[in-house]
Amino acid sequence: MNPLHRAKQDYEHIQIPHDLDSLVDEAIRQSRRQNRFSMNKGLKLALSGMAGLTMMLNLSPVFAARMQDLPVVGDFFRVLTFRHIETQEERTYINAQIPAITSTGNEEMEKRLNDEIYTIITDQIEECKIRAEENWTAYLETGGDPAEERTFDFYSDYDVMYDSDNILSFVIHIEEASASVEHLNYYYNLDLSTGEALSLKEIAGDDYIEKINQSVRDQIAQREQEDPDNLYFHEDWGAFQTIQEDQNFYINQDAQLVIVFERYDIAPGYMGEQEFVMPFSITLPE
Amino acid sequence: MVFLQEKKKKKLAEVIKENQTTLYRMAYSYVRNEETAKDIVQDTILTAFSKLSSLKEDQYMKTWLIRICINQSLDTLRRLKKSSENTVELQDYLAAPSKASSYEYSDLFQAIMKLDEKIRTVILLRYFEEMKFEEISHAVGTNVNTVKAQVYRGLELLKEYMKEDER
Chain A
1 MNPLHRAKQD YEHIQIPHDL DSLVDEAIRQ SRRQNRFSMN KGLKLALSGM
51 AGLTMMLNLS PVFAARMQDL PVVGDFFRVL TFRHIETQEE RTYINAQIPA
101 ITSTGNEEME KRLNDEIYTI ITDQIEECKI RAEENWTAYL ETGGDPAEER
151 TFDFYSDYDV MYDSDNILSF VIHIEEASAS VEHLNYYYNL DLSTGEALSL
201 KEIAGDDYIE KINQSVRDQI AQREQEDPDN LYFHEDWGAF QTIQEDQNFY
251 INQDAQLVIV FERYDIAPGY MGEQEFVMPF SITLPE
Chain B
1 MVFLQEKKKK KLAEVIKENQ TTLYRMAYSY VRNEETAKDI VQDTILTAFS
51 KLSSLKEDQY MKTWLIRICI NQSLDTLRRL KKSSENTVEL QDYLAAPSKA
101 SSYEYSDLFQ AIMKLDEKIR TVILLRYFEE MKFEEISHAV GTNVNTVKAQ
151 VYRGLELLKE YMKEDER
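For the protein sequence lines, the chains are A and B, in the order given.
Just so it is clear: in the first sequence, position 198 is 198 by our numbering, and no numbers are missing.
Just so it is clear: in the second sequence, position 64 is 64 by our numbering, and no numbers are missing.
For the record, the hints were derived by calculation from the structure and aren't laboratory data.
Mixed in with the good hints there might be a few duds.
As the list claims (entries may be wrong) - In silico DSS-like cross-links for lysine-lysine, where the CA-CA straight-line distance does not exceed 27 Å: (1) B/9 - A/129; (2) A/8 - B/38; (3) B/62 - B/38; (4) B/17 - B/51; (5) B/7 - A/8; (6) A/8 - B/163; (7) B/62 - B/114; (8) A/8 - B/51; (9) B/81 - B/10; (10) A/129 - B/51; (11) B/11 - B/114; (12) A/8 - B/17; (13) B/10 - A/129; (14) A/8 - B/8; (15) B/7 - A/129; (16) B/114 - B/51; (17) B/81 - B/7.
Said to hold, decoys possible - Sample of chain A residues with no beta-carbon within 10 Å of chain B, all distances over it, derived: (18) 3; (19) 90; (20) 283.
Since the structure is predicted, the reported quantities are computational estimates derived from the model, not experimental observations.
The beta-carbon is built from N, C-alpha and C at its ideal position, and this holds for glycine as well.
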């Protein structure tokens, strides 16, 4: 036998643990449910003993409300799925995670923001349903086949980007997919001690606009040089000029400021959202 | 990024299931320890889902997944080496008869497992996982020519090793 063939058999002889299958299933299930959340905390726990707990948190708001009294959970689960809506209707498929904030010690803020988040997402769902109906009517009126299946798909979920004693940074993603895909992202950067949103000025200093603009420009140039596939808009198309007053941003795991541009803001759609980690250090409220 | 997040996640779950033994064996070839290799597979899955939006083209999902697994394995090795002297001589581990049976690994296989990490990885992917050079280059993140050079270099080393062994 060819020695390489024999070696391949040896390789295939590396025994596969009998529980690999179930372990992989569980890791997939947890990942799909939790998004980046468990990763941020390095919570391998979630894969073993905590799995059942997380599920209950997600399923039951009442249970979630009580759980914050438990120290461990209070520390880890500041943002959790408040409600999961999954419905298949004739013209729409909705799969929405609606997050809620708990355990911040600021109940007024929690209530205000949770109401806001709930309203944002449910409004978007209603609008999606209306658009789906309008689209269907238009489709039929233009001679479309009534037997055809055409649905608008609505998804929402969230990622916790940074979670410290006093700062909570997270983003809510909304996608609506029909013939094309629309994205909406809502970034939340909260100072939990005041209950207010962090401002760029507050964390990056008085000269934040120039500092950020300079870094974004530098990084755009660098990315274009590194990879010819990276193309940003230039003069004719609306090249990057300056960050906006309501510029999207978040704090990453390493407590760095990350500036985010939506698709088409500064680059063609295929480039997707563009993120820039700021090289300078920022001041986060203690 | 243009993608349907949910559909992409579903696809990723499928690709993971199809390649779970590959991921495990890759991880095992680095750490030579069942529990650690299982941890790496779990970490690979978590990382893959969390970084899914960075994957631009679905066709590279498999090689991208393997790449994450390789990176996780290297990270783990680095941590193990740093954390203690207990790197139970990796070769010893392998040379020891496997506990379940008295299976004997061929000399060539043992030699492959002793190659340095980079070269061993491309040899594994090429000859055991039967991947194309193009795919391997995606999985290890270097260009095709470098991969080819590494594979040939590996084969040369193995030939020399086998010759020495005969003497």
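Of the numbered hints stated previously, which ones are contradicted by the structure, given in increasing order?
5, 8, 9, 10, 11, 14, 16, 17 and 18
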